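**Q** Sequence:
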Amino acid sequence: MNTAKQATRLLPVFSLLFTATLWGIVWYPLRQLESQGLAGLWSALISFGAAFLVCSWIFVHNRRQLSGNLCNLLFLSVAAGWTNVAFIMAVLDGTVVRVLLLLYLSPFWAVCLGWIMLGERLDRKSVLVFGIAVCGAIIMLWNEHIGLPWPRDGSDWLAVSAGFGFALSNVYVRKLQDVGVWLKSVSSWAGVVLVAGVWIVIAGVDIPGVSTDTCIYAVLLGLCGFLVMTITVQYGVTRMPIHRSAIILLFELVIGALSSMWLTDEQVLAREWIGGGMIVVAALIAARIHAEETP
Numbered sequence: 001m002n003t004a005k006q007a008t009r010l011l012p013v014f015s016l017l018f019t020a021t022l023w024g025i026v027w028y029p030l031r032q033l034e035s036q037g038l039a040g041l042w043s044a045l046i047s048f049g050a051a052f053l054v055c056s057w058i059f060v061h062n063r064r065q066l067s068g069n070l071c072n073l074l075f076l077s078v079a080a081g082w083t084n085v086a087f088i089m090a091v092l093d094g095t096v097v098r099v100l101l102l103l104y105l106s107p108f109w110a111v112c113l114g115w116i117m118l119g120e121r122l123d124r125k126s127v128l129v130f131g132i133a134v135c136g137a138i139i140m141l142w143n144e145h146i147g148l149p150w151p152r153d154g155s156d157w158l159a160v161s162a163g164f165g166f167a168l169s170n171v172y173v174r175k176l177q178d179v180g181v182w183l184k185s186v187s188s189w190a191g192v193v194l195v196a197g198v199w200i201v202i203a204g205v206d207i208p209g210v211s212t213d214t215c216i217y218a219v220l221l222g223l224c225g226f227l228v229m230t231i232t233v234q235y236g237v238t239r240m241p242i243h244r245s246a247i248i249l250l251f252e253l254v255i256g257a258l259s260s261m262w263l264t265d266e267q268v269l270a271r272e273w274i275g276g277g278m279i280v281v282a283a284l285i286a287a288r289i290h291a292e293e294t295p
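Note that the numbering used here has the sequence shown beginning at 1, numbered continuously upward.
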């Protein structure tokens, strides 16, 4: 196979692995901002708001695509908005292990929604890869002290809803294949700004008294972090079946474990290495299948 052609086929895979890596470490700057007095809702509003403002001209530039796909883009916007805000609130307020365990029910939601909304079916090979990835995630995150993977408080429900919203938003990304990645991304950022803004108003969250430097860091997180993460995940999801992208995105768990070991005093246990290894194997198999099936 031509090397350049193979690289092009694998570009969506690399894109998803890259965004999974960024999502695996984004908890750290979010917690640093919170330690400086910038609560999760305001972090979301400022960071995603910066990305939206910088790229809002895309709405005007792509107004024909916008008007022709307004309904689906609206659904994508709300789903993506809730996903990001709920994830940020859950990972800041809840037990991280439980949040990840409940959040990563998303591959299950992705398979169900892909079947219902896109008509995508899993063949035997895909079922095997899906099983390896999900088992790896369970082994990696399971802890007898945190109980069964069933919601029991507000943070847990936020994590579950974020996982469902992530799967739903990815289904709409896949459904809108004829719409440019940038337009879908800006729609997603608009959704985060909307959800975070409404939540702040309803909850009566006061404007934080933080330094200018803290606000600048939040803006940089949006422009150098969330902007890139949104573009890369939407590029990858648009170009492969939804269940396959969900498997590859589980790589975030591996990065999350490694980053927590590197940036904190946490130690990676043997079962976490085993589970992470299974996820990596599943991601590699999924990537190989995608390369073989892509013309």
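Just so you know, the hints here were simulated from the structure itself, not pulled from any lab data.
Here the structure is a predicted model, which means the values were calculated and not measured.
Treat the hints loosely; a few may be bogus.
[Said to hold, decoys possible] Computed Cβ-Cβ distance ranges for the label pairs, DEER-style: (1) Gln32 <-> Val228: 14 to 22 Å; (2) Cys224 <-> Leu74: 24 to 32 Å; (3) Val280 <-> Leu223: 49 to 57 Å; (4) Trp182 <-> Phe14: 13 to 21 Å; (5) Ile274 <-> Arg64: 48 to 56 Å; (6) Gln177 <-> Arg63: 37 to 45 Å; (7) Asp206 <-> Met117: 35 to 43 Å; (8) Gly119 <-> Ser56: 27 to 35 Å; (9) Thr212 <-> Trp115: 44 to 52 Å.
Beta carbons: idealized from backbone N, C-alpha and C, even for Gly.
**Q** Which numbered hints are broken by the structure, listed smallest first?
**A** Result: hints 3, 6 break, sorted rising.
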